[in-house]
Structures are given as C-alpha cells and as structure tokens.
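Chemist: Residue numbers (my numbering), protein chains in the order written: chain A, 15 to 87; chain B, 14 to 261.
Just so you know, not all the hints are guaranteed correct.
[To be verified] Think about it this way: if two alpha-carbon atoms lie no more than 20 angstroms apart in a straight line, the pair counts; the simulated EDC-like pairs of lysine to aspartate or glutamate are:
| hint | chain 1 | residue 1 | chain 2 | residue 2 |
| --- | --- | --- | --- | --- |
| 1 | B | K174 | B | E242 |
| 2 | A | K21 | B | E139 |
| 3 | A | K65 | B | E246 |
[What the hints assert, rightly or not] Across the chosen pairs, the derived CB separations fall in these ranges:
| hint | chain 1 | residue 1 | chain 2 | residue 2 | range |
| --- | --- | --- | --- | --- | --- |
| 4 | A | V71 | B | S38 | 22 to 30 angstroms |
| 5 | B | R172 | A | P39 | 23 to 31 angstroms |
| 6 | A | S44 | B | N85 | 47 to 55 angstroms |
If you're looking for bench data, these hints aren't it; they were derived computationally from the structure. Even for Gly, the Cβ is constructed at its ideal location relative to N, Cα and C.
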Amino acid sequence: MSDRDFKRWLCLGCGFSYDEALGLPEHGISPGTRWADIPDDWCCPDCGTPKHLFEMVEIPYAPGQPTPQRPPL
Amino acid sequence: MSNSFILRAADRGHETILSTGPTASYVGGHPDAFITRQSSFNFHDYQSGRAGFGRIRVFGDETFNNPGCSYNMHPHHNFIICAFVLSGRLQHINTTGNNDELLAGDYYAFSAGSGGLHTEINVHREPMNAIYLWMLPDHLYLPPSYVRGRFDAEASANRIKPLLGADAALPIPQDAKVSRLFSTKPGRHVYRPRSSGHGVYCFVIDGTLACDGTTLGSRDSKGIWNATEVVLETGDAPADALLVETIL
Ligand SMILES: [Zn+2]
Numbered sequence: 015m016s017d018r019d020f021k022r023w024l025c026l027g028c029g030f031s032y033d034e035a036l037g038l039p040e041h042g043i044s045p046g047t048r049w050a051d052i053p054d055d056w057c058c059p060d061c062g063t064p065k066h067l068f069e070m071v072e073i074p075y076a077p078g079q080p081t082p083q084r085p086p087l
Numbered sequence: 014m015s016n017s018f019i020l021r022a023a024d025r026g027h028e029t030i031l032s033t034g035p036t037a038s039y040v041g042g043h044p045d046a047f048i049t050r051q052s053s054f055n056f057h058d059y060q061s062g063r064a065g066f067g068r069i070r071v072f073g074d075e076t077f078n079n080p081g082c083s084y085n086m087h088p089h090h091n092f093i094i095c096a097f098v099l100s101g102r103l104q105h106i107n108t109t110g111n112n113d114e115l116l117a118g119d120y121y122a123f124s125a126g127s128g129g130l131h132t133e134i135n136v137h138r139e140p141m142n143a144i145y146l147w148m149l150p151d152h153l154y155l156p157p158s159y160v161r162g163r164f165d166a167e168a169s170a171n172r173i174k175p176l177l178g179a180d181a182a183l184p185i186p187q188d189a190k191v192s193r194l195f196s197t198k199p200g201r202h203v204y205r206p207r208s209s210g211h212g213v214y215c216f217v218i219d220g221t222l223a224c225d226g227t228t229l230g231s232r233d234s235k236g237i238w239n240a241t242e243v244v245l246e247t248g249d250a251p252a253d254a255l256l257v258e259t260i261l
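For reference, chain A alone in the conformation it holds in the complex (with noise of 0.2 angstroms):
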C-alpha cells in the first residue's frame, strides 16, 4: 500500500470504519476526504468514540462490499 492509495479506519470503540475512498456523506464529509483532513476534534458517529482512537486497518472486503478503490491521478 503506497502513501497515495486510499485508506481505511477502524473504531476500536464498536468496529465502525472510515473509507477515504467512501466518505461519510451522510456526515458532510464527502468522498476522497483524508483522514488527516477530519478535525482532531471528530467521534465516532456511532460510539462518540474519539478520532484518535481509531485504527488504520488493511482488511479487504467482503465479496459483494466496496471494492478497493485508488485516488484518481
């Protein structure tokens, strides 16, 4: 995995993830958004778990979920 390629973030408060690729639309924050480029500030919106606690994880998909995706050069 390169510096450039989208990455992805695991709550270790309930599990929830955070795909650069993806966004969090429903939160304002929209696709291709890096996790540097999320407030220090930002919880969980599941759990109010704090951004700082969140792991970066390279865990693939389940067949039928997103696909990896790289940032458009």
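Chain A is fixed; fit chain B with the ligand onto it per the hints.
Modeler: Structure of chain B with the ligand alone, referenced to chain A:
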C-alpha cells in the same frame, strides 16, 4: 527464541461503568446497576497498556452487578465479539434473531459484520461474570452471524479443548482459535500454534499454573509469540485457563 509478555491481574485496566450519569445511555439497570471491567488491552478510558495482541483488540473481564445491569442495544460493525460466561446468567439478544440465556460454561461468538446490534443483560441478583473478547475480522462488512457453544468442564477436564475457530466445531471468520484447559490434577499440556506466525494469549481464569515456566495465578496472563509450542504445567489444585491463538 520465543518472545513473551506477562500481565498480572492487578496491572490490567480497571473501570467501573455506572448506569447513572454520563454512561446511563450505555449501561442499563438504573439506579443500582454497574459494570466492572478489567481490560487486558487498551480499551475505552484505559489507554496506558498494550494496544492488543494479533487480531485481539479487547479482552475484558466484566461483571454485571444488580438486576437489569446491561449494555443497552447498540450497533457494532466488523468486530467479532465473543463472550465466555464464567458465573451467573447472561441474556444475549442480537439482531440476527437470537435471544439466548447463557450459563457458566456457555459461550458465543457474534460477528457484527455489516452492522449487527446486540444487548447484553443480567436480569438476576447474582452477579454475572464473563470474558469479552473482540477480534478484528478477516473481511469488513461480512453478513452478521452468531454461533454458540458450551464448555463442559467435567467432560473436557485435563486436556486442551478447542472452543472456537480453526479445528473447533464452531468457526469464526478470522485466523484465530480459542481453547480452554480445565485441569484437576498435575499434568503437562503442550499447545502447538499452527505456525510460528501465530501468537498465543494464555489467561488464567482460576487457580494456578505454569505457562512456559511462568507461574500465573487467577486472572494473570501471558502472551507468547515466535514459539512452536507453549507448555502448561498444572498441579494438584484445579486450574482453569483460556488460550487464544491469533495470527500476528
Ligand atoms: Zn465507534
């Protein structure tokens, strides 16, 4: 040469979670209920220990005190949540359609996957003590799933009995395995992880045993990796331990 860490019972994270005040929406059973949680790895307000071990992120020794004490129905994603009931009675309800009462020896694995919800409740006067184990799955957004099993201490005494995962009757979607040893007599038990890339977390539920030469008492634990085998030596007195094997 194998590597290891030792975690004594008193060195775990300790939290008391009330059913009143800021945690009231999370813990039910107002006003008398409260949960005590002793965490082997960093979780919630406890962040000064180890982050986890392999795919294990949470290993909580939890007691639900007073009738109605519960985690209210809450969403989960992706984590595989397992509970091993040690004493008391646990009511586990989840959105895959299960509503189970689990007694001492019973256990379950709930893979929350794409968004299963669950509630955990003790409706009885007797406190309920369980080990809660959370593992990362091998895929995100799997369909939620649930399996339950029972450890019969008498029938399975004096041998390492697989409970969950590879080679066990109940599979979980991760390269991990949970076994239990209930010993009533002196013995030497050898646990062989599937590869030296797998680590083993040995947690003593009750009694005393030696794990690769380290004496572990009740609720002490040891993590071992880069090992082809882990040797557990038991004495005359009963000893009870969980072994969690995980890819690192
Ligand atoms: Zn969360």
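Chemist: Broken hints, numbered, in rising order?
Modeler: 2, 3, 5, 6
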